[in-house]
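Peer 1: Taking mature numbering (1 follows the signal peptide of the UniProt record, and there is no 0), I'd label the letters of the sequence shown as residues -17 to -1, 1 to 189.
These are computed hints drawn from the structure, not numbers from a lab. On a predicted model such as this, the values are computed, not experimentally measured, just so you know. Virtual Cβ for every residue (Gly too), placed ideally from N, Cα, C. There's no promise every hint is true.
To be verified - Okay, the calculated beta carbon distance ranges per label pair:
1. Leu43 to Arg63: 36 to 44 Å
2. Lys24 to Pro101: 20 to 28 Å
3. Lys99 to Ile28: 26 to 34 Å
4. Lys94 to Leu18: 21 to 29 Å
5. Arg116 to Gly96: 14 to 22 Å
6. Asn40 to Glu114: 13 to 21 Å
As the list claims (entries may be wrong) - Taking lysine-lysine and the PhoX-like style, the derived pairs with C-alpha atoms no more than 20 Å apart in a straight line are:
7. Lys22 to Lys71
8. Lys97 to Lys67
9. Lys67 to Lys81
10. Lys67 to Lys53
11. Lys22 to Lys53
12. Lys53 to Lys71
13. Lys53 to Lys99
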Amino acid sequence: MMLELCFLSALLFCVHGAKLPEPEVKIEVMYKPFLCHRKTKYGDILLVHYEGFLESNGTLFHSSRQHGDKNPVWFTLGIREVIKGWDKGLQNMCAGEKRKLTIPPSLAYGKEGKGKIPPESTLIFEIEVMEIRNGPRSHESFQEMDLNDDWKLSRSEVCNNDICRLCTEIETNFIVFLIHERMLSCSKLNLQNVSVSGERVSAERV
C-alpha cells in the first residue's frame, strides 16, 4: 500500500512538474506545383492570399481576396509578424503551393481572441504562397541579436551588433549633406571640404 502511494505521488509530481509539449499545426497540402525552385524558410518574405475560418462552425472571418483592397499580404516568416501557427505551418512551401492549416488556440489568438474570433478558437486557414523573396535579415541573425528572447530588438541589443554606430555615421553624413546643399544652393555637391568632428568626409562615404 505504501509503495502504491509513493508511486502515485511521484506520478503526480511528474505530471505537474513536466512541461507539456506544444500543440502541433495540422497541415494539408491542397496544391503543389510540379516545379519548385525554392522553399520557404525562416527569414524569407512571403506574399500570400488566405481565407480564415472558425473550426467550430465554419464561419469565414477574413479573406484577403474578398475584404478591403483584395490584395495579398506581405510578411516575414519566423519573426512573429503573424500568429505562431502560420510561422510553423508555412515552412518548406513552394511559390504557388496552397495549404490548409488547422491551428489550435495556443498557436493562434488563445484566451483573448481577436475581433470576430472568440477566445480559445481553433482556426482553419487556406493559404496560397504567391511569391517568396529574400528577407533583409535571417532568422538566425535575429535570434542572435534578441538577447532576452522577447522577439523585439531594443536599442542596446541593436548597438551590441555595431549597427547603431553605422546608423549614427549615416545620420551624421546625411545632416552634413543637407547643410552643404543649403550652403552651396547648387545641384552638384562636393563634400570633400566638409568635416565632422575634425574628420574630413568624402563623397564616397555618403
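Peer 1: State for each hint whether it applies.
Peer 2: Do the hints match the structure? See the list:
1. The supplied range of 36 to 44 Å is broken by leucine 43 and arginine 63, whose beta-carbon atoms lie about 25 Å from each other.
2. At about 33 Å, the CB distance of lysine 24 to proline 101 disagrees with the hint of 20 to 28 Å.
3. Hint check: lysine 99 to isoleucine 28, Cβ distance near 27 Å, so the stated range 26 to 34 Å holds.
4. Look at lysine 94 against leucine 18: about 43 Å separates their beta carbons, and that is not inside 21 to 29 Å.
5. A hinted range of 14 to 22 Å for the beta carbons of arginine 116 and glycine 96 is inconsistent with their spacing of about 32 Å.
6. Distance hint for asparagine 40 and glutamate 114: a CB-CB separation of about 33 Å, inconsistent with the stated range 13 to 21 Å.
7. Among the hinted pairs, lysine 22 with lysine 71 is consistent with the structure: their alpha-carbon atoms are about 14 Å apart, no more than 20 Å.
8. Under the criterion of a C-alpha separation no larger than 20 Å, the hint pairing lysine 97 with lysine 67 is consistent with the structure, at around 15 Å.
9. With a C-alpha separation of about 18 Å, the suggested pairing of lysine 67 with lysine 81 holds against the 20 Å cut-off.
10. For a cut-off of 20 Å, the pair hint linking lysine 67 to lysine 53 is broken: about 24 Å separates their Cα positions.
11. Only pairs whose Cα atoms come within 20 Å are accepted, and lysine 22 paired with lysine 53 is rejected, the gap being roughly 25 Å.
12. Of the pairs offered as hints, the one joining lysine 53 and lysine 71 is violated, with about 25 Å between alpha carbons and a cut-off of 20 Å exceeded.
13. For a cut-off of 20 Å, the pair hint linking lysine 53 to lysine 99 stands: about 19 Å separates their Cα positions.
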